[in-house]
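Given chain A's structure and the hints, the job is docking chain B onto it.
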Amino acid sequence: MISKTTFFFSRIVGCKVYDGNNSFIGRLVDIAVSTEHLNPDDNEPFRPKVKAILIKKSGKENFFKFSSIYVAKGNGRYMVYCNEPKFIAKKETKENLLLKESILDQQIVDINGRKVVRVNDIRLVTISEGVFAIAVDVGVEGLLRRIGIVKPLKFIFSLIRIHIPAEFILFDDIAAIDHTNLSIKLSKASSKLHTLHPSDLADIIEELGKVSKTTVFSALNEEKAADVLEELEPHEQVHIIENMTLEKAADVLEKMPANEAADLLDELEVEKAEMLLGEMEKESSKEVRELLEYPDKSVGSLMNTEVLSFSENITIDEVLNKLRIQKPDMEVLYNLFVVDKNEKLIATISLRDLVISQPQTPIHEIMKRDPISVYDYDEVDSLAEIISKYNMLAIPVTDKENKLEGMVVIDDVVEDLIGKRRTV
Amino acid sequence: MFKLKSRKSFFKRLLLFIAILGPGIITGSVDNDAGGITTYSVAGAVYGYSLLWTLIPSFIVLVVIQEMNARMGIVTGKGLADLIRENAGVKVTFFIFIGLLIADIGNTTTEFAGVAGSMEVFNVSKYISVPIVAFIVWILVVKGNYKIAERLFLIFSVSLLMYVVSAIMGKPHWGEIGTSIIHPKMEFDGKSLAMIIGLVGTTIAPWMQFYMQSSVIEKGLKMRQYKYTLLDIIVGCIATVVVAFFIIVACASTLHENNIPINEAKDAALALKPLAGKLASEVFAFGLFIASIFSATILPLATAFYVCEAFGFEAGIDKKWEDAREFYVLYTSIIVIGALIILMPNAPLIAISLWSQVVNGILLPVVLVCMILLVNNKKIMGRHVNKPANNIIGWVTVIILIGLSGMLLIMPLIK
Chain A
516 MISKTTFFFS
526 RIVGCKVYDG
536 NNSFIGRLVD
546 IAVSTEHLNP
556 DDNEPFRPKV
566 KAILIKKSGK
576 ENFFKFSSIY
586 VAKGNGRYMV
596 YCNEPKFIAK
606 KETKENLLLK
616 ESILDQQIVD
626 INGRKVVRVN
636 DIRLVTISEG
646 VFAIAVDVGV
656 EGLLRRIGIV
666 KPLKFIFSLI
676 RIHIPAEFIL
686 FDDIAAIDHT
696 NLSIKLSKAS
706 SKLHTLHPSD
716 LADIIEELGK
726 VSKTTVFSAL
736 NEEKAADVLE
746 ELEPHEQVHI
756 IENMTLEKAA
766 DVLEKMPANE
776 AADLLDELEV
786 EKAEMLLGEM
796 EKESSKEVRE
806 LLEYPDKSVG
816 SLMNTEVLSF
826 SENITIDEVL
836 NKLRIQKPDM
846 EVLYNLFVVD
856 KNEKLIATIS
866 LRDLVISQPQ
876 TPIHEIMKRD
886 PISVYDYDEV
896 DSLAEIISKY
906 NMLAIPVTDK
916 ENKLEGMVVI
926 DDVVEDLIGK
936 RRTV
Chain B
-19 MFKLKSRKSF
-9 FKRLLLFIAI
1 LGPGIITGSV
11 DNDAGGITTY
21 SVAGAVYGYS
31 LLWTLIPSFI
41 VLVVIQEMNA
51 RMGIVTGKGL
61 ADLIRENAGV
71 KVTFFIFIGL
81 LIADIGNTTT
91 EFAGVAGSME
101 VFNVSKYISV
111 PIVAFIVWIL
121 VVKGNYKIAE
131 RLFLIFSVSL
141 LMYVVSAIMG
151 KPHWGEIGTS
161 IIHPKMEFDG
171 KSLAMIIGLV
181 GTTIAPWMQF
191 YMQSSVIEKG
201 LKMRQYKYTL
211 LDIIVGCIAT
221 VVVAFFIIVA
231 CASTLHENNI
241 PINEAKDAAL
251 ALKPLAGKLA
261 SEVFAFGLFI
271 ASIFSATILP
281 LATAFYVCEA
291 FGFEAGIDKK
301 WEDAREFYVL
311 YTSIIVIGAL
321 IILMPNAPLI
331 AISLWSQVVN
341 GILLPVVLVC
351 MILLVNNKKI
361 MGRHVNKPAN
371 NIIGWVTVII
381 LIGLSGMLLI
391 MPLIK
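As they're listed, the protein sequences go chains A and B.
One rule links them: number in my numbering = place in the first sequence (from 1) + 515.
Residue 32 in my numbering sits at position 52 of the second sequence, with consecutive numbering throughout.
Hint data in this document are derived by calculation from the structure and do not stem from the laboratory.
Each residue gets a CB set at the ideal place from its N, CA and C atoms; glycine is no exception.
Please note that a few of the clues may not be correct.
Simulated restraints on C-beta separations [unchecked claim]:
no.: 1; chain 1: A; residue 1: L932; chain 2: B; residue 2: E306; range: 30 to 36 Å
no.: 2; chain 1: A; residue 1: I671; chain 2: B; residue 2: N103; range: 56 to 62 Å
no.: 3; chain 1: A; residue 1: K564; chain 2: B; residue 2: L211; range: 51 to 57 Å
no.: 4; chain 1: A; residue 1: I677; chain 2: B; residue 2: I128; range: 34 to 40 Å
no.: 5; chain 1: A; residue 1: E894; chain 2: B; residue 2: K367; range: 47 to 53 Å
no.: 6; chain 1: A; residue 1: I671; chain 2: B; residue 2: S313; range: 17 to 23 Å
no.: 7; chain 1: A; residue 1: N758; chain 2: B; residue 2: P241; range: 41 to 47 Å
no.: 8; chain 1: B; residue 1: D298; chain 2: A; residue 2: E644; range: 41 to 47 Å
no.: 9; chain 1: B; residue 1: E306; chain 2: A; residue 2: K666; range: 19 to 25 Å
no.: 10; chain 1: B; residue 1: I379; chain 2: A; residue 2: G535; range: 28 to 34 Å
One chain only, chain A, in its complex shape (with noise of 0.2 Å):
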């Protein structure tokens, strides 16, 4: 009998678990690791403590926790002894994170590979302070493994020097769904989830299933939860915002730009987008609201509300002030706009002229007149033509009598056209 340090969890499903006095209490089905990082302040990577086992006796399931516990292989079967054991209850386990039911077999995201992974096994650890978990396998060695022919087929392939690939992650790179109370564990992961680029978690997001989407999407904070929103293909984006709770998903729509709040409330049963935009802070839902008046294929349903514009009459450094508190986002601040009193667009301004300009100089010196413009209710395919023509990042959107609406950014555009083709 050899005591194992390190070895694979699905080695030991289905083993036979012994206590102290080398009785036997039962079968193992299941583990429950901590979600707690041990020491939060020290650099060492994230692995979840095994806090108990989940024994399975004439039929019935019941948690146990330990003093201590060790893996032993003789005869080539293994064995889980654990000392002391104590019947809890399933409650006490709440706080864990169950090894078999959320991360063996399922899907979790791989934050480093930016992608979802399907979990083979998973690798443990007994050192003195316990039994811990240290990475999931998601390589083809695993897969067979599990099947149990992988002894047999690496000697084979050792013979013509094909290496089968083992690929593990860490603990600490990986955010996992807990399925017994939805939630996304590992809290050190799941704020880890926030460093990726919000294409990429949508895209983790679009290959989840229903559930786990919901889930992985209501660990993110509103920012990131609008930006992940807006990248989402429309029918994910109802199926999301559907699936939370008024307030939430009013929240998070609250952060998204009018345009693109107003181009997912369109694909929402009418009913529910009222009851969205009546919880919806006022201004936002105003905004919101207009936008949602516009035909379909309108410059208007495609435009960006958010935009700054200033007097003729001020001078540069009254303008540069004044981005300076407002703190914009970059293509509201790369496309300035000139107003008269009316509202009425006259011009536009250009960054490079406001920075290398005196700060003295009024804005009439280095604006620029009769820009070119659309009508809110242009075509949409009127654009792409317009903006390569004339090389612009956005077209200024005015109504007939000329007063400035917003404006279309070029990215919008794209996507419009992508979407397109892709409809064809």
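Same frame as chain A, but now just chain B:
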């Protein structure tokens, strides 16, 4: 202001239906592939109208099974391969997918046999038609736009309705057809039993369950669109059965009455020429050609996809080659193997199609049992678990299928 729209008008409903339309109808069309057409032709030529009744139970079972798939897809958003892997573990999954892979390589071979056979009717050698079609299919998926191809095939598959023309040209005896459906007859000898299993097996192929579920997910359907989804499934299944019906009738009213036995769908097309005219023959062959290409595109793609899904490899035609190597290698190999077998002189085609049907026959009950267990699992399906009626039809189907397949396997041993 953002106004509340009035209740959905008829046209709004119709539009909704058309938007949702797809998974069921495409699955139904792929169903009538080269293997299907061959089986139906042989059934018609050898047994006349007498096996037409099998289409009715097939239809019911087809609807029930596909409805379960659609429901699982809508509720969980997960593919059948995913669900089996997550709930049945690696070993069962491995068994199912090795079986699926073998059966599907066999089926793909049959599709290429269909291409070869149908083009031979137009005097094109298989050494020309098969490599060209294989290459086109491959390039279409890897470099082209699969979605457009799928739509295109769907339109083409309307040409399967040409079999109606083919059938009517053969001047069938409608009276006899009616009697044989109302008073089903069944002979318990090995051959007709094999034929019945063949008919049911070709109509309900295991891989279709995976395909159906994935397309429902890809469409992003919701539970409130369930009515339309169900309608889509029923329309698809009716299309399948109607086409099957007319192929059997076309062969029964001509080949069976003149005692011309056939082994392949191509034989049927050729034999129709003197009996029902050149046009009927060419229409038959063209239908076979379209059906074969359609399935030769979808089948390898779908197989590669499910295998990768189950074992956690990246898959999908939107992925780059280096990101989803396993997927592309698998996809390419299935096509290459299928095409190469056809190009071998004296390829044992009949044995291949027989054996892939046997593997299908063994696999189908296993997949169905997994499905019924999954769809009854409250943890997975919540309140959308099976109703008793679904379960009764489901289990009865499983038992009958196991019984039939078992008998077919044992029959040669008794003899």
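Cross-check of the supplied hints:
1. Take L932/A and E306/B: their Cβ atoms lie about 33 Å apart, and the range 30 to 36 Å holds.
2. Between I671/A and N103/B the CB atoms are about 48 Å apart, so this pair departs from the stated range of 56 to 62 Å.
3. A beta carbon spacing of about 53 Å between K564/A and L211/B agrees with the range 51 to 57 Å that was offered as a hint.
4. At roughly 39 Å, the beta carbons of I677/A and I128/B sit within the given window of 34 to 40 Å.
5. The hinted window of 47 to 53 Å between E894/A and K367/B holds, with their beta carbons roughly 50 Å apart.
6. For I671/A and S313/B, the hinted distance range of 17 to 23 Å is satisfied, since their beta carbons lie about 20 Å from each other.
7. For the pair N758/A and P241/B, the supplied restraint of 41 to 47 Å is violated, since their beta-carbon distance comes to about 59 Å.
8. With their beta carbons about 45 Å apart, D298/B and E644/A fall inside the hinted range of 41 to 47 Å.
9. E306/B and K666/A have their C-beta atoms about 22 Å apart, which keeps the hinted 19 to 25 Å range intact.
10. Remark: the range hint 28 to 34 Å for I379/B to G535/A is contradicted by a beta-carbon distance near 50 Å.
This entry does not satisfy hints 2, 7, 10, going by the numbered hints stated previously.
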